[in-house]
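Note that the protein sequences, when read in sequence, are chains L and B.
This note's numbering numbers the first residue of the first sequence as 232 and each following residue consecutively.
This note's numbering numbers the first residue of the second sequence as 2 and each following residue consecutively.
Note that these hints are calculated values from the structure, not bench results.
Just so you know, these numbers come straight off a predicted model, no measurement behind them.
Yeah, the Cβ is synthetic: ideal placement off N, Cα and C, and Gly gets one too.
Please note that a few of the clues may not be correct.
Label-pair restraints from in silico Cβ distances [unchecked claim]:
hint, chain 1, residue 1, chain 2, residue 2, range
1, L, 355, B, 111, 56 to 62 Å
2, B, 607, L, 954, 49 to 55 Å
3, L, 619, B, 278, 39 to 45 Å
Quick list of in silico lysine-lysine cross-link-like pairs, BS3-like style, CA-CA up to 30 Å [stated by the list, open to error]:
hint, chain 1, residue 1, chain 2, residue 2
4, B, 591, L, 615
5, L, 804, L, 950
6, L, 237, B, 149
7, B, 134, L, 615
8, B, 268, L, 234
9, B, 453, L, 622
10, L, 575, B, 134
11, L, 857, B, 48
12, B, 149, L, 585
13, L, 581, B, 268
14, L, 607, B, 146
15, B, 453, L, 843
16, B, 268, B, 34
17, B, 453, L, 607
18, L, 725, L, 615
Residues from chain B that keep clear of chain L, each with C-beta distances beyond 10 Å, as calculated [stated by the list, open to error]:
hint, residue
19, 43
20, 44
21, 110
22, 248
23, 393
24, 467
Spelled out from the first residue to the last, the chains are:
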Amino acid sequence: MLKIVKHFKPYLLSMLIIIILLLIQAFCDLSLPDYMSDIVNVGIQQGGISNAVPVAIRKTEADRLASFMSEDDRSIFYDSYDLYAAGSIGRKDHDRLLRSYPLLATEPLYLLKPVSRDIKDRLNQVLAKPMMIVFATTDNRFADLFGKSGSAHISKKALDSFSSLPKEIRAEILNKIDEMLASLSQSMITQSAVEYVKNEYKAIGIDTGRIQTRYLFMSGLAMLGVALLSMAATILVALVGSKVAAGLGKDLRSDVFRKVESFSNAEFDRFSTASLITRTTNDIQQVQIFTVMLLRIVFYAPILGFGGVLKVLSTRTNMGWVIAVSVFVIMTIVVIMFSIAIPKFRIVQKLVDKLNLVTRENLTGLMVIRAFNTQKHEEDRFDKANKDLTKTNLFINRTMSLMMPLMMLLMNCVSLLIIWVGSHRVDSGVMQVGDIMAFISYAMQIIVSFLMISMVSIMLPRASVSASRIAEVLAVEPSIKDPEVQKPFDPSIKGQVEFRDVSFRYPGADDCVLEGISFTARRGMTTAVIGSTGSGKSTLINLIPRFDDVTDGQVLVDGRDVREVSLKELREKIGYIPQKGILFSGTIESNLLYGIDSGSYEKTELEKRMDKAAEISQAMEFIREKPEGFNSPVSQGGTNVSGGQKQRLSIARALVKQPEIYIFDDSFSALDYKTDSMLRKALKSELGDSTLIIVAQRVSTIMDADQIIVLDNGRIAGKGTHKELLETCEVYREIASSQLSKEELAI
Amino acid sequence: MSDNRRNFNPRHARRGPGGGPMGPPMMIGEKPKNYKKTLGTLLRYLKPYHLSILLTLVFAGFSAVFSIVGPKIIGNAVTEIYKGLVAKVSGIEGAGIDFRAIGSTCLYLLGLYFVSAMFSFIQGFIISGISQKVSYNLRNAILGKINKMPLKYFDKVTHGEVLSRVTNDVDTVSHTLNQSLPQIVSSLTLIVGILVMMFSISWVMTLASLLILPFSTVFMAFVVKKSQKHFKAQQEYLGHLNGHVEEMYGGHIIMKAFNGEERSIRKFEELNDALYGSAWKSQFLSGMMHPIISFVGNLGYVMIAILGGYLSIKNIIQVGDILTFIQYVRQLSQPLGQGAQIANILQSTVAAAERVFEFLDEQEEVPDPENSVELTDPRGEVSFKRVSFGYDPEKIIIKDLTADIRPGQRVAIVGPTGAGKTTLVKLLMRFYDINGGSITIDGHDIRNFRRKDLRSLFGMVLQDTWLFNGTIMENIRYGNPDASDNEVKAAAKAAHAHHFIRTLPDGYNMVLNEEASNVSQGQKQLLTIARAILSDPKILILDEATSSVDTRTEILIQKAMENLMKGRTCFIIAHRLSTIRDADLILVMKDGDIVEQGRHEELLQKNGFYASLYYSQFDTASAG
């Protein structure tokens, strides 16, 4: 993956945006549990009353609470509240206040002033303890608590007159109470205080149901807001992420395609066509899919994991080790499982290939298999491949089916461990019950984020192989390029191809394919090249349009070394007909016009050219037979056209171009003898002005050429006309005698 | 595709293809043609495993039940801690958190989780065994089927299609059995179990929380539909783009020779842009699903909290119930969210299974006759009597062929490319059955032979040299599995292949690679000749075409074929003049039919098609 990292560059900003969005998303996801526990703890359990600060309190109650406070606390308390009595307020406020606080009609009330958050927090601490004490005396459970505290005989009645007790006794009792309260958890105190407030509200006549519903509604709304934000962030991540991934894929595809288009034969041979296709299509698709995962999961997991850790630390429960241990155990298991399963995954791919191979062999060998009655043998061969595949698949599936339950078991064990350890901490007062729940959910988030990373890591090797295969293509400099200084052709020479002592060797090969080749093909002449397979015929003509470059010597076209002119101009002069008729998808017309810029010709001119080319190439007959004529569709790879027709069309394609030089690379082999001879006749009469270079297998195809070059093992074994060569060239005679009858040889 | 669409939309079917607008694409995934029937067949296939499958389903169900019970017990444990704490603060003597109770709850849970994990593992273990076994059987059945089908079938179906049934379709079925089936069961159990628990707590809240389901379902359906459209577009553009890449790379020489780079790149960029558009859209839309689902989940959560709060004030439910409820709703949203996906998977599985079964149900070759002829000492006399044949019965190409070939005679089949020269061969070996007349060997109609016996009379050396990925020894022995190593070598010697085999690395034990490209075309031909020699047939079928073979190998091949033909009746798809001239009978073919037959001189005298074919080969430009 690292090798293509520079292609991410245009997307840096987008990726930054994604990270910011992921931070928002993680923040939201991690705070959602808080809101949830708020809803449960405060909204439901505490009736919507979140702290010990009442908005209204009866004067009698306030004074009673105040009697349990220190001087400082008392002043803060009274400063934060205003005293209201039925008579002392204006008419307008009166109605409104009475409606909210019905008791105001009969009793004076303290109402909370609008105060800052800090003061509220302070008030919470100031009020909680007195409330707890007062509440405790009204609750039997707590009555004992005070009853037992021997030295101070506090009863309900005594409490009422607590303020009238002497100061020293008061202080002593307060100290005792403080000691006792120290053993209580903060949550207990809050719970009691809240209970006290609730009772007070009821006494005043405030609608507590409404408070609860209101709280639930508000915090529900807040939670939905956070959830909405989280959703928005996630969707935006998806949006930006898919654009980045698709954009990266697009860029890579474009780069690779352009690069491959600039490759010459040498590079195609190095990579093989099939491999280049896979690199441009599948490999990039792999990288694209992985990029989506990378942006959405790999980036997110550490953020979420880190946030989870922060949250865990913020609970200050010293239980981080539980998470560390569980992550370690789970990762160990994941690593072990993967190290067992991943090599098997690779084997499976090989076994699937093997199975496919046998199936394909069965399909291509239908007739042979039946002819030799070896169906049973084939079935056994397939069965073996099938068994191997099934066995390995079974192993993988079973390993995987062990993995999921194991993971679930581990996660469940982690929560049990947290509950067990947590309960002891709760007992010793270090943490609260709610913390256990929160801790479990954070722990799960951390573990899941680690699991996500490890899941993605399965994909990483595959994507990284793909990435390096792409990088390999991009790193190659094509060996054949336009020269920096382009020279013009010699205008006085037309249609001349000259080989000057040319040698060619494939890179890395020991022996030359061609050695010391010199000859000249002139305008109006037919030059034929013949020789057995591997003698270097195709290699030789590939040097003319610069599909390959010579190793030594020079190839000149119209008096100029082909390496000194622009590729485009050079190829403009040449009409090339390959050994295999290669057509592109489209119509017959689009194929015939492939060689010329059809926009710069009149329509009638194009038609004239096509007609003529089709006539010469003997393609007219079958084109006419088709209902759509020149507009007949050609499917990809030309599969709907027969071999001979393909070859005739590819000849016509070169003819439409009307170039100076024609190169036929064994282009007659798929034609039957009759078509072959008619075609040659037509070529001879119509292309008298051009240079023809013909590579052939059949002696009959080339025996009337002006010049025949006989290649043997990359060297010229003979040069001359058919007659001359029969007399002088042993290799030629051998070839001819294997193909022609004695009488014909004698001609 | 259009077939499928017509199936779903009968209204359009009446209009016929192309008649009127086809309406919006309504397909999500591929749909099977006959859901019920295919499902029935699939179930029949699974019959031997009914008990095991039932067992896995039970296990899957149990493990789902545990995940329903789990949260409730955990909740109890937490309550226990809470109660203990409260008791402690109340100052009850010796009160505090009851660690023994918590401990035993934890141990109980541990046991429960362990059993649940075991159940789910056993379930996975059994089901993967079944699914692998089923796909193993299906694959073997398909291959067996390939060898039993008439060749005619493969005229209309590409190899790729058959291959994709062996691999992709079978894999889809096996994957569904392995993963989706248990998942469906556990999801269903979860849904039912949770619903029961929820209703038992409060029906009002259950109904309320179910209220959001239609919302999320409608929304999801919308997103799925939208993204499906783009996914399809992406697949299509990807196909176009890959097509273009394949074409341009494959034909890069032509593209270069005709200066087509710029045009090619322009077209590529167009396709690439279109792909980009659909790629990010489909990716984005499918990426939207998850956040939306979880938001809807949160919405339900808040609703339950508010409603639950209200109900708890009215003392209709307990505070703890709200907690449990919330957990259940969370658990519920997952399997329900997967609903659409599972339906899709099921659908494409049945479609895949349908393709497999359709293939397995295809008509096989006409069975061998019961009272078959067996030749103890075949002579190799072949006669065609008024034979007529067409690949398509409507288009008869061989109209009325009558010919008698005596044992040991050589028959040359000549004609331009595409004249149907191999058709005769296919008829002789009964790869295709003739439409009229009869072909007899030693006086017996070939339809009275068992195919196996009939074909063992023949030997074949075709231009398409079929060799398989195995050693050279194995490949030659293919002609006669019982042959000893020495016999194989003798055959190789007779085929003039021994020498070159010896020069190969590992010699006879060299493994031919997948494309058999580690030996040359000519060498491959020699190997197939050796194979034919080893099988020692009475009648021989040869294809002389030796294009792209170098001269020296060609001479070897000629000699080898000469060895092979000795003493056998031969049908030769002839390209070499000498063969044709020496033939005892020449069958001249044109456009699939035999237009002339006779010996070389007779045919020349006729001055018909054969004569023009013969002369055209050697007439020079001047002769025209």
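Now the hints, each set against the structure:
1. L:355 <-> B:111: 56 to 62 Å: violated, 41 Å
2. B:607 <-> L:954: 49 to 55 Å: Since the Cβ atoms of residue 607 of chain B and residue 954 of chain L sit about 33 Å apart, the hinted range of 49 to 55 Å is violated.
3. L:619 <-> B:278: 39 to 45 Å: With Cβ atoms ~43 Å apart, the hint holds.
4. B:591 <-> L:615: With a Cα-Cα distance of about 45 Å, the restraint between residue 591 of chain B and residue 615 of chain L is violated, given a limit of 30 Å.
5. L:804 <-> L:950: holds, 25 Å
6. L:237 <-> B:149: violated, 55 Å
7. B:134 <-> L:615: holds, 14 Å
8. B:268 <-> L:234: Holds, because 28 Å separates the two Cα atoms, which is no more than 30 Å.
9. B:453 <-> L:622: violated, 33 Å
10. L:575 <-> B:134: holds, 19 Å
11. L:857 <-> B:48: violated, 54 Å
12. B:149 <-> L:585: holds, 22 Å
13. L:581 <-> B:268: Cα-Cα ~36 Å, so violated.
14. L:607 <-> B:146: Holds: residue 607 of chain L and residue 146 of chain B sit about 12 Å apart, inside 30 Å.
15. B:453 <-> L:843: Violated. Residue 453 of chain B to residue 843 of chain L sits at ~54 Å, over the 30 Å cutoff.
16. B:268 <-> B:34: violated, 37 Å
17. B:453 <-> L:607: Status holds; Cα separation ~11 Å.
18. L:725 <-> L:615: At roughly 64 Å apart (the allowed maximum being 30 Å), residue 615 of chain L and residue 725 of chain L break the hint.
19. 43: Its Cβ never comes within 10 Å of chain L, the nearest being 19 Å, so this holds.
20. 44: Residue 44 of chain B clear of chain L: closest Cβ-Cβ about 22 Å, beyond 10 Å.
21. 110: Violated: least Cβ distance 6 Å, not greater than 10 Å.
22. 248: Violated, because the least Cβ-Cβ distance between residue 248 of chain B and chain L comes to about 6 Å, which does not exceed 10 Å.
23. 393: holds, 17 Å
24. 467: violated, 4 Å
The structure fails hints 1, 2, 4, 6, 9, 11, 13, 15, 16, 18, 21, 22 and 24 (numbered hints given earlier, in ascending order).
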